[in-house]
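The task is simple: from the sequences and hints, build the whole structure.
First to last, the protein sequences are chains A and B. Taking our numbering, I'd label the letters of the first sequence as residues 675 to 1142. Taking our numbering, I'd label the letters of the second sequence as residues 8 to 210.
Since the hints were made in silico from the structure, they are not lab data. From a predicted model like this one, the values you see are computed outputs, not experimental measurements. Just so you know, not all the hints are guaranteed correct.
[Claimed, not checked] Looking from chain A toward chain B, a few residues come up when the C-beta cut is under 7 Å (computed):
{"no.": "1", "residue": "LYS752"}
{"no.": "2", "residue": "ALA820"}
{"no.": "3", "residue": "SER967"}
{"no.": "4", "residue": "ARG1002"}
[Stated by the list, open to error] For each label pair, taking beta carbons as the anchor points, the in silico distance ranges come out as:
{"no.": "5", "chain 1": "A", "residue 1": "ASN977", "chain 2": "B", "residue 2": "PRO40", "range": "45 to 51 Å"}
{"no.": "6", "chain 1": "B", "residue 1": "ARG153", "chain 2": "A", "residue 2": "THR984", "range": "31 to 37 Å"}
{"no.": "7", "chain 1": "A", "residue 1": "THR984", "chain 2": "B", "residue 2": "PRO202", "range": "49 to 55 Å"}
{"no.": "8", "chain 1": "B", "residue 1": "GLU59", "chain 2": "A", "residue 2": "GLU943", "range": "56 to 62 Å"}
{"no.": "9", "chain 1": "B", "residue 1": "THR160", "chain 2": "A", "residue 2": "ASP942", "range": "43 to 49 Å"}
{"no.": "10", "chain 1": "B", "residue 1": "GLU59", "chain 2": "A", "residue 2": "GLN864", "range": "51 to 57 Å"}
{"no.": "11", "chain 1": "A", "residue 1": "ASN977", "chain 2": "B", "residue 2": "GLN136", "range": "31 to 37 Å"}
{"no.": "12", "chain 1": "A", "residue 1": "ASN977", "chain 2": "B", "residue 2": "PRO202", "range": "33 to 39 Å"}
Don't be surprised by glycine CBs; every beta carbon is placed ideally from N, CA and C.
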Amino acid sequence: MSAPRTMLDKLWASHEVLRREDGVSLLWVDRHLVHEGSHHAFAKLAERGLSVAEPALTFAVADHYAPTRNRDRIADPKIARMIETLRNNASDHNIRLFDLSDPSQGIVHVIGPELGLTLPGLLINCGDSHTSTHGAFGALAFGIGATEVAHVLATQTVWQRKPKAMRISVEGHLGFGVTAKDIALNWIAQLGSGGAQGHAIEYAGQTIRDLSMEGRMTLCNLSIEGGARFGMVAPDEITFAYLEGREYAPSGADLQRAQQAWRGLTTDEGAVFDREVTLSAADIAPTVTWGTSPEQALPITANIPSPDATDPAKSNSAQEALEYMALRPGQPLDGIPVDQVFIGSCTNGRIEDLREAALVLSGRQARVPGLVAPGSARVKAQAEAEGLDRIFQDAGLEWAASGCSMCVGMNGDVVAEGKRCASSTNRNFRGRQGRGARTHLMSPAMVAAAAVTGTITDVRPLLQGRAA
Amino acid sequence: MAGWSTQQGQALALAFDNIDTDQLIPARFMSVPRSEGYGRYLLHDMRRDDKEQMSADFPLNRHEGISILVAGHNFGSGSSREAAVYALVDAGIRAVIAPSFGDIFANNAINNGLLPARVDAEKVAQLQQALKDAPCLASIDLTESRLTLGDITLTFELDEGWRVKLINGWDDIDLTQQHTQAISAHRDNRNKAAPWAWPNKPE
Chain A
675 MSAPRTMLDK LWASHEVLRR EDGVSLLWVD RHLVHEGSHH AFAKLAERGL SVAEPALTFA
735 VADHYAPTRN RDRIADPKIA RMIETLRNNA SDHNIRLFDL SDPSQGIVHV IGPELGLTLP
795 GLLINCGDSH TSTHGAFGAL AFGIGATEVA HVLATQTVWQ RKPKAMRISV EGHLGFGVTA
855 KDIALNWIAQ LGSGGAQGHA IEYAGQTIRD LSMEGRMTLC NLSIEGGARF GMVAPDEITF
915 AYLEGREYAP SGADLQRAQQ AWRGLTTDEG AVFDREVTLS AADIAPTVTW GTSPEQALPI
975 TANIPSPDAT DPAKSNSAQE ALEYMALRPG QPLDGIPVDQ VFIGSCTNGR IEDLREAALV
1035 LSGRQARVPG LVAPGSARVK AQAEAEGLDR IFQDAGLEWA ASGCSMCVGM NGDVVAEGKR
1095 CASSTNRNFR GRQGRGARTH LMSPAMVAAA AVTGTITDVR PLLQGRAA
Chain B
8 MAGWSTQQGQ ALALAFDNID TDQLIPARFM SVPRSEGYGR YLLHDMRRDD KEQMSADFPL
68 NRHEGISILV AGHNFGSGSS REAAVYALVD AGIRAVIAPS FGDIFANNAI NNGLLPARVD
128 AEKVAQLQQA LKDAPCLASI DLTESRLTLG DITLTFELDE GWRVKLINGW DDIDLTQQHT
188 QAISAHRDNR NKAAPWAWPN KPE
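Structure (structure tokens):
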């Protein structure tokens, strides 16, 4: 009998081409996803006269710079050039590109799973830190920088030291109005935004088993906000059901064989993790960030903390964050006025997220302007088929095309200086949504509640009689 | 990329925690080709006031010729943008000393010859105390993992693989090309054992 192994051990072993004397592994890459931001890597390739080793395992999408309005005529020449560069690189290297007009276009971490490009047991790389999202399927998925992107393009492999294994177990049932986003903000607030550095997180426990694939993706997506480059959930029947009929996923006899392999990925009983954290679902409330780091998050019922009362090592950061956010200690989170809202991103731009937001907004008016940018063209089409677009627009929000949009502001969708935005995104960093923008992270339903009241507020009363 | 094993230069304290990659280079500057240089975008918004003027009190604006930064926790957290490293390197920075770094940032740093040296928080505080807001000559010995600044000498932590890579200035693609056979054998084995790992071709 061999020693019990974690899912990380199994995934690592099946991709390890070799291990150097210093312990760094060369890993085989099953899927490589590229986007406009990958231009540096393609330039490196061109400099050295190299070609893409495995174009059939490489997929490109326009998302970071994708305009969400008037796509046919891109006004900003810089944005047009970025997208044109991606087109040229994809075409030169014979890579399938999901271009702006493609019905499968969308945010890379939304379309990978949607198309069945993301599967359990795969190693997936992308030049984007939220690549951890794909770990929700039981894949080894991690973000890489441009030099590494060039390396993967040229060799279909990546050098990496195996991270330490960490398990976050969440037990029990989530309360009414509490989502995967809240689980993530909760653990990041507890452990800190660097708390899981050097680790690959496996999320386990009944609460995680009960999450939909969308919820699991949200949770794995946010792993990097707690410092972990990898987040993962063991594949199960919910995973298999999600993958059924996805066009790039295996079918027929291949699928049978695949599922057998996928079932074997689960962490063995008795496998040892370097670090274990256990949370109780019942302790988690709808959570909101108040500062400029995702760790600066609290339950909606809390008050803004006093920097003096926090950990002395963090009081300076808290003080600076409050100044930037124009908030004062002791102020209740509930009731802070917002100027606008944003629903979308690779964290919370999937169909389930839009449904949750629409459930709150249905038949109500938004008191502040807002933008809804679906995570993909398919999510957009599905939402329109369900009439969610009407709910958003009737409430007064703008319904746009898919892309990273106001999460990162590269496409021109930005929050103006000094404005406060309730946002379903992943980073409340200074200037992330635009220079001087003040971002509060929360679940899509909480963003919808902020739209309805014009303030950060508890979504739960607004969900009464509307949700199970 | 040229390797290096010792470095001497002016160190400056940048005593902030969580300087994320969005701070190091705001997203709006990342469409420029690297050949145009990224140094001018380093900490662009952090070092300017509301009117786009360089803030007189920001440490990096007060001193020129800085090549070593002594920063706070979680330096380079956030986005995988290598442009954050380009901004540092193009501005002349060769080493960042901090208690902790974002994992992807640290990888990117090594790939560009920039040293992310980990030193425990207490010692970082000592260094910052010694520097206050004036630069001070510091020297780094990669082989010995040693940093000397004024009368403080300390050792920093660095992954062994990274040390070798920095010293030799190795390029990963060159290294990997020596393993072409092993890669192709792995590919063949995987293709037999896990044919499902190749994308189904949609009609």
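When the hints from earlier in the document are held up against this structure, which numbers fail?
-> The structure breaks hints 4, 10, 12; every other hint is satisfied.
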